[in-house]
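full-length UniProt numbering puts the first residue of the sequence shown at 1, with every later residue one more than the last.
Hints may contain errors.
[Said to hold, decoys possible] Taking lysine-lysine and the BS3-like style, the derived pairs with C-alpha atoms no more than 30 Å apart in a straight line are: (1) Lys588 - Lys311; (2) Lys47 - Lys158; (3) Lys30 - Lys96; (4) Lys271 - Lys245; (5) Lys207 - Lys271; (6) Lys410 - Lys342; (7) Lys60 - Lys30.
Note that these hints are calculated values from the structure, not bench results.
Since this is a predicted model, take the numbers as computed values, not measurements.
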Amino acid sequence: MIYKEFYNQSIQSPEAFWEDQANQIEWYSKPSIILSKDENNYPLWFKDGELNICYLTLDKHIQDGYGDNIAIIYDSPVTQTIKKYTFNDVKTEVAKLAGGMISLGFKKGDTAVIYMPMIPQAAFAILACARIGVTHSVVFGGFAPHELAVRIDDCKPKGIITASSGIEVDRLIAYKPLVDEAIELSSHKPKKVIVFNRKLGARVPFKKYDVDYDALVYGSEETPCVPVNATHPLYVLYTSGTTGKPKGIVRDTGGYATALKFSMQYIYGAKPDEVFWAASDVGWVVGHSFIIYGPLINRNATIIFEGKPIKTPDASTFWRIIAEHKVKVMFTAPTAIRAIKKEDPNGAFIKQYDLSCLRTQFLAGERCDVATLEWYNEHIPVPAIDHWWQTESGWPMIANMMGVEFLPVKPGSAGKAVAGYDIRIFGENGQELGPNQEGYVVIKLPLPPGTMLDLWGDTERFKMGYLNKFPGYYFSGDGGFKDDEDYIFITGRVDDVINVAGHRLSTAEMEEIVSSHHSVAECAVIGINDDLKGQIPLALVVNKSGESIQHFQLEQEIVKLVRQQIGAVASLRDVVIVDHLPKTRSGKILRKLMRSIADGENFQTPSTIDDEKIIDEIRDVLKKYEIGVYNKKKN
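All chains should be built: construct the whole structure from the sequences, respecting the hints.
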């Protein structure tokens, strides 16, 4: 196929295009109304169709004769466990758990919170909810009790499904006491807590509302799939909001199933029975879309990985898993590759494994810098494809569509618009900008199937945040530009664009230059307050392992690089070396947090932060070099 023809068809005839795609999955009742609108004039897809997404992931493949094929590969370097499950195995466990949930009073239309580590039972719980029409809300395992309580109060679950513990690199985290504390803190009180005991030594305090997972599954009959409407909310997934209150992204069922089947085939180019690995967590949208639902709908074996790219046990883990399980397509965040690059800059571990099985490497979650892309390609000669999407979209919006036509990769670009997404670049007043002009990234309505339906219980916030800024368009919150060949470059969240003496400058562009320095493993550039220029950039860098460059020399060389490539207007003068950058558990760098520290603003330590000690390190470094609010001359 030709990408341009395929894409144009999706934009010019969206109903016909997506009806064809909807026919690629099995419905109990096929939709006759392909595209309509809800009471808020927002698009709805397939509103009179009926289906069940758990049926599509498991039962259909068994009925088609593939029950003995591998569905899930559990690889846990932290417990030194590898276990494989066939579609028959998964269906039996899921159907029994679903039957047990019915016996506890769960029914179609209820909600359930899932608070689990990266273990197969997390997938079983998600699919069991989908099987009986219970809307699941997966909360990242290890979130603090307060954050869990906020989500419990928002989605009001009938029950919680959890495990006794999760494992970090260096410690066991007891989940059950966190769940109990969250229930104490919350106004809404879930009726039941189903607990999977991993028997790893974590404390599992018993409460009257507790139900043992194994006993429930063992004592229950398998239950069949419950048909649901295409617009039935499959899940609520919380993402951070600017107000501090998390936003519950609501996902439909029919549009999502259609979009995921489409994604696996046309974006990722994955063929049924191949092994697909998204090295993420079920607590994030990647986990929902491309660890659980997408691969299983497409009859791919999916890997549930309980570990980290480094230190479990070392920087060879990714390559060992790819070689051992014959992974064809992999998906991870650039942060993971940078972490491996920092530990193994010369790729010595890569040379120890036969990676000939790997066909494509996808990267997303944050912008991929050119240096990381080049390092990967230097050591692993397969296409490394940066692509862009959001929790709100549920599946990729910009990519190189590997199942349609492989287009030349442009480092720094996430590719071209994916079929179904009419992406434009707007100026402040809603005017469309020309090639190479940076502005707001917006998508013309209707969005394609599978994107967000609403915010849970807060339609006004949904309209304010996404629809009102540019009527008729979805506002992504990101900035970017298109080049003259329609490749799209995402420059980061709109608030990552800084204003230096009236000049709008992209911190992402500066990061690209800083990360090109041979000593730099990873970096962040933030804008901090300046009395004269409004804002000036500050670069925080993590050096590669074994690098011994002096701070003053590194600063001098990076400042020179930025001046050469952007100009003196960039005003980058300060470069500081840190051991770590503060990140969320999914690997996103917390730039806003660092800006608040440098500017002396009050901030709330995010629940998603990986290690709170890093905040103190950042503060100490800024004090040492008298930067920002700690600049004694200025103050």
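**Prompt:** Any of the earlier hints contradicted here, and which numbers?
**Reply:** 4 and 5
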